[in-house]
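S.K.: Here is what each chain is made of, one letter per residue.
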Amino acid sequence: MLAKNSVNLTDGKLETMTDAALARLATLNLALPPAPAPVANYVPYHLVDDMLFISGQLSRTGSGSLLSGRLGADLTVDQGRAAAAACALNILAQAHAALGRLDRIAQVVRLTGYVNATPDFSDHPLVINGCSDMMVDVLGEAGRHTRVAIGVAGLPGGAAVEIDAILRVRK
Amino acid sequence: MLAKNSVNLTDGKLETMTDAALARLATLNLALPPAPAPVANYVPYHLVDDMLFISGQLSRTGSGSLLSGRLGADLTVDQGRAAAAACALNILAQAHAALGRLDRIAQVVRLTGYVNATPDFSDHPLVINGCSDMMVDVLGEAGRHTRVAIGVAGLPGGAAVEIDAILRVRK
Amino acid sequence: MLAKNSVNLTDGKLETMTDAALARLATLNLALPPAPAPVANYVPYHLVDDMLFISGQLSRTGSGSLLSGRLGADLTVDQGRAAAAACALNILAQAHAALGRLDRIAQVVRLTGYVNATPDFSDHPLVINGCSDMMVDVLGEAGRHTRVAIGVAGLPGGAAVEIDAILRVRK
Chain V
1 MLAKNSVNLT DGKLETMTDA ALARLATLNL ALPPAPAPVA NYVPYHLVDD
51 MLFISGQLSR TGSGSLLSGR LGADLTVDQG RAAAAACALN ILAQAHAALG
101 RLDRIAQVVR LTGYVNATPD FSDHPLVING CSDMMVDVLG EAGRHTRVAI
151 GVAGLPGGAA VEIDAILRVR K
Chain X
1 MLAKNSVNLT DGKLETMTDA ALARLATLNL ALPPAPAPVA NYVPYHLVDD
51 MLFISGQLSR TGSGSLLSGR LGADLTVDQG RAAAAACALN ILAQAHAALG
101 RLDRIAQVVR LTGYVNATPD FSDHPLVING CSDMMVDVLG EAGRHTRVAI
151 GVAGLPGGAA VEIDAILRVR K
Chain R
1 MLAKNSVNLT DGKLETMTDA ALARLATLNL ALPPAPAPVA NYVPYHLVDD
51 MLFISGQLSR TGSGSLLSGR LGADLTVDQG RAAAAACALN ILAQAHAALG
101 RLDRIAQVVR LTGYVNATPD FSDHPLVING CSDMMVDVLG EAGRHTRVAI
151 GVAGLPGGAA VEIDAILRVR K
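Chains as they are written, first to last, in our numbering: chain V, 1 to 171; chain X, 1 to 171; chain R, 1 to 171.
Isolated chain V (complex conformation):
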């Protein structure tokens, strides 16, 4: 995934404009994974006016392997944070697939983070920070979001983390 997109301008001349957010991702030595296909009968995103709703993204790496396990049992907080960062990259991949460019994201409005955790685990915010930090690192002010972080009894396929998103986009 390159940090430059080729676009046809209205005068027909082909120009290359840098996607600032995609470039920032590259400076972090990160790349967008392929946007994950839905695991069931639904769509990955819907754009309604200027609001982009993104389906819950599991903690799946760019190579497609699922980061699974339960916080408070078989995963450390750092492993949980890495799982949340994988969710973040998948959210960004879906946004890129929907919008063509990451820098069309005007604001990450809402993230809801579900942590696969035991009843005695209480550091859900530290886990979901793996996603929150990534959003701010890549998108800057546009990445600052409202958030919900909770511990759930289980997640699809035994995933460690699932996060859904609502974004405001530039038209």
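One or more of the hints may lead you astray.
Cβ pair distances, simulated, as ranges [unchecked claim]:
no. : chain 1 : residue 1 : chain 2 : residue 2 : range
1   : R       : Ala106    : V       : Asp50     : 19 to 27 Å
2   : R       : Ala37     : X       : Arg170    : 50 to 58 Å
3   : V       : Ala23     : X       : Ser63     : 29 to 37 Å
4   : R       : Leu28     : V       : Lys171    : 37 to 45 Å
5   : X       : Ala73     : V       : Met17     : 35 to 43 Å
Just so you know, these hints were derived from the structure itself, not from any lab.
Every residue gets a Cβ at the ideal spot worked out from N, C-alpha and C, and that includes glycine.
Fit chains X and R to the known structure of chain V by using the hints.
M.R.: Okay, now just chains X and R, sitting in the frame of chain V:
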């Protein structure tokens, strides 16, 4: 519940127009249940501009009995899927109560599905498909939605499934 | 926190207008707590057009102490309801911080209530009523909302209840 609504057109002539989505429900040998009354101090839906927010709908059948139990313990995936389908019918019933016609639903934008499940259960997507499939069967393209599926520690009254919805509607 | 705000009108004359909702809070012998600071890397609210998204608010009292514990184990339903009422006050505090006046809330559109509960607990609606009742008591019709109530495996810091909100506001 009939698949036809009587409406007064602007010229005052009473005509009958088929509600295509309601008709499709009938061809599936299904009927809208009564829209469930809220179980506490809240309202079943709010229409904000063209977005319809629907409260979490429990897996309650048209006759009012609650489909309860826990996936991974006392319910099979098929029973879970049937519970999610019951949630779908209740969401459609609320939309019909709010809009007067099912085919005023322009798009099911978001479904969030909560599955009452043990920590080792991991087939939440198959369960929530009971709702997703119903939406697409009844509404076609307008029924295709973004989705979140998670396993929760418990649900009101011990319900097997709860699902909330955000819909875009035709004005 | 007074029920009156000083505002500069366009003619430069300083006037005092009563915030009806804030006044109602006072008649209930309640006051707005300080708007809680986020516990991690996110923001407490985002205003998008006329929709105010508020981050998940924990059951924290005005003095800052966290109401923690698990329904079905170490908390009664009444204690859970009090925890949900604390969430309500924190939601109102965030709305006041965002809007300057509580009576700019046109409608509480959606509340999602997460109850820290054992798998056998089933009275989540009674717990979340502690928030729902507060919204209606303080805001009247504008406080009536759609709602989701679920039981979760755990919450940040071991909080008893977390509730997030979407509000429509007057511009």
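S.K.: If a hint holds in the structure, say so; if it does not, say that too.
M.R.: So, going through the hints one by one against the coordinates:
1. R/Ala106 x V/Asp50: 19 to 27 Å: holds (20 Å)
2. R/Ala37 x X/Arg170: 50 to 58 Å: violated (42 Å)
3. V/Ala23 x X/Ser63: 29 to 37 Å: violated (59 Å)
4. R/Leu28 x V/Lys171: 37 to 45 Å: holds (44 Å)
5. X/Ala73 x V/Met17: 35 to 43 Å: violated (55 Å)
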